[in-house]
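Undergrad: The primary structure of each chain is shown beneath.
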Amino acid sequence: MDRSPVIVTDGLTKHYGRVAALDGLSVQVRQGEVFGLLGPNGSGKTTAIRLLLGMLRPTAGWGKVGGHDIWSESLEVRRGVSYLPGEIRMYQSMTGIQMLRLLCDLRDGVGLDRAVGIAERVMGLDLRRKIRTFSTGMKQKLALSQAFADPVDMLILDEPTSALDPSARGLVLDLVRDARSFGQTVIFSGHVLSEVEQVADRVAIMRKGRLMHLEEMSERRRLRMLLLRFQDDARVAIPRELELTARDSTNGALLFEHRGALQPLLAWLASAPVADVAIGTEDLQSLYDRFHGANAQFEENGA
Amino acid sequence: MRGFLALVAKQVHESRWMLGMSAAALFGLGWLFVFVTSLNELEILKMLASEEGDSRMRWMRSLGVAESPSSVSIMMAFWNHPFILLLLSMWAIGRGSAAVAAEVERGTMDLVLSRPVSRTAYLATHVGVALFGLVMLGGALMLGAAVGVHYNVLQQPPGIVSLFQPAVNLMALGLPIYGYTLLASACDHVRWRPNSIGSALTLGGFIAYVVSMIPVLENKSWRPYLEKVSIFKAYNPVELVTTGESLSRNVGILSGVGLGCIVVAFVIFARRDLPTNS
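Taken in sequence, the protein lines are chains A and B. So for the first sequence, the working numbering puts the first residue at 1; every next one is plus one. So for the second sequence, the working numbering puts the first residue at 304; every next one is plus one.
The hints are simulated quantities; they were obtained by calculation from the structure and are not laboratory data. Ideal placement from N, C-alpha and C gives every residue a C-beta, glycine not left out. One or more of the hints may lead you astray.
[To be verified] To be clear about the criterion: a stretch of chain A counts as covered by chain B if any three or more of its residues have a C-beta under 8 Å from a C-beta of chain B, and this derived list gives those stretches:
(1) 20-30
(2) 42-56
[Said to hold, decoys possible] Cβ-Cβ distance ranges computed for the label pairs, FRET-style:
(3) Leu389/B to Glu73/A: 17 to 27 Å
(4) Ser162/A to Val532/B: 49 to 59 Å
(5) Asp108/A to Pro578/B: 22 to 32 Å
(6) Ala503/B to Gly170/A: 51 to 61 Å
(7) Ser421/B to Gly24/A: 27 to 37 Å
(8) Glu120/A to Trp495/B: 33 to 43 Å
(9) Gly563/B to Thr59/A: 27 to 37 Å
(10) Trp495/B to Val19/A: 50 to 60 Å
(11) Gly431/B to Leu214/A: 41 to 51 Å
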């Protein structure tokens, strides 16, 4: 399905003195997709999100959300976006229901019934209690209830499951899937790769303020990893039409990525002087480790 | 509009105890100073008429209390009491630092400004509630004095109209204190710094004013400069009830400084980065 981009950035940069918190981010997020944003602390995820919401002023580059400039038309941007901060801080003296009412009033009073419904029935919160009596996870549930209740086109969730128990994490992933089915665009920033893998349509991996890798998850799910060892370590020419891409070579074993059709590959394997073969998949962790693992290999120039 | 009103309600809710207790204290002080005036009026008049008198009389003369003062001008000498100035300053500094720096520090700014609320509207709610508080505080002092006049015997009981001008002058005194604290707050991300800046400027101004009034320093060349740098020079309730001429000048100076700082705070806040609290 060809979907138009709702978030577009070009060379988006934020410097603090000599430190580049975000360096030349150019990306497009399409309408109705779940866009996973991955990277360790300090990789620029939160800076990118805060730039999109107009909380930070770009040092260079530009961005548009829903066709509105992220800095000069920030108010219009925020009309169409609901944001869940990474660290939830609320007014401690308010009760849960007062907090939801305030947040709804700041959006012209819409979405309160839905927010209360999600908070009470899905998240199991007692909204009569003061926020100061809530645990961190309960505060996160309250903020999530509000975010998913807002009648907006886009959700920006910064580590939405960081303080939640496993069952609540599952609920959040279900709500993200629901949001996508309603046509909402979701930016899902997180550290738990398995969660991002479950819900994301595309993932972006960031490192030191730069976008290092961008990939369609459907492509990743089609990806096969092929480990081959040829007889007598023979040097065999690989036909180009097989769409095999060499990744690594260790002690005569060759590691390939395969994204093409399966039948030609199997036919070629049957005829080639193969001593040993192993075919598997690669999870998101393996991809992530290419940029952030102990033996990280990456190009500083980015994706 | 609904969002704006919701923020106003939140600010009022947050500051209700401080405002309520300060207003109650000022109401009580207004009444108390009438009571003290009624008890000591004849004695004060006698001492002011003579060339002698203790340090309190010299202080009252330096504030502009004439040799044959009216009851209201004696009352107004008490309106320079540090308790009154302290309560007003606490409100102005507290609300000024709460507007931006405190919200950034505790992380609640994200909560509000991730919603469709403009920074200008957000700050306007803070400024509106702070100014409302200044009016409440000045009004409470005036009301306390008016009620006190009703229940105490004075040689020349003043009407509420003659209390109005000093009350307006007091409200205006809060404006620059709020203004420069808000300006510091609009640039910052921790609350202690604008609190310290606001307190230091206010205390410094008060000390400068007091030093400029010390009789032995009257002929010093730097004394007029010291007087001019203090906003407290533009707060003179005694003069207002005696001559009634300086209200527009005093309020003009105080409002000019205060509103100037507030406008600059709006500009800075609209253009600054809002960092996370972590």
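Undergrad: Run every hint past the structure and note whether it holds.
TA: We went through each hint and held it up to the structure:
no., hint, result
1, 20-30, "violated (count 0)"
2, 42-56, "holds (count 5)"
3, Leu389/B to Glu73/A: 17 to 27 Å, "45 Å, violated"
4, Ser162/A to Val532/B: 49 to 59 Å, "51 Å, holds"
5, Asp108/A to Pro578/B: 22 to 32 Å, "28 Å, holds"
6, Ala503/B to Gly170/A: 51 to 61 Å, "54 Å, holds"
7, Ser421/B to Gly24/A: 27 to 37 Å, "29 Å, holds"
8, Glu120/A to Trp495/B: 33 to 43 Å, "39 Å, holds"
9, Gly563/B to Thr59/A: 27 to 37 Å, "30 Å, holds"
10, Trp495/B to Val19/A: 50 to 60 Å, "25 Å, violated"
11, Gly431/B to Leu214/A: 41 to 51 Å, "46 Å, holds"
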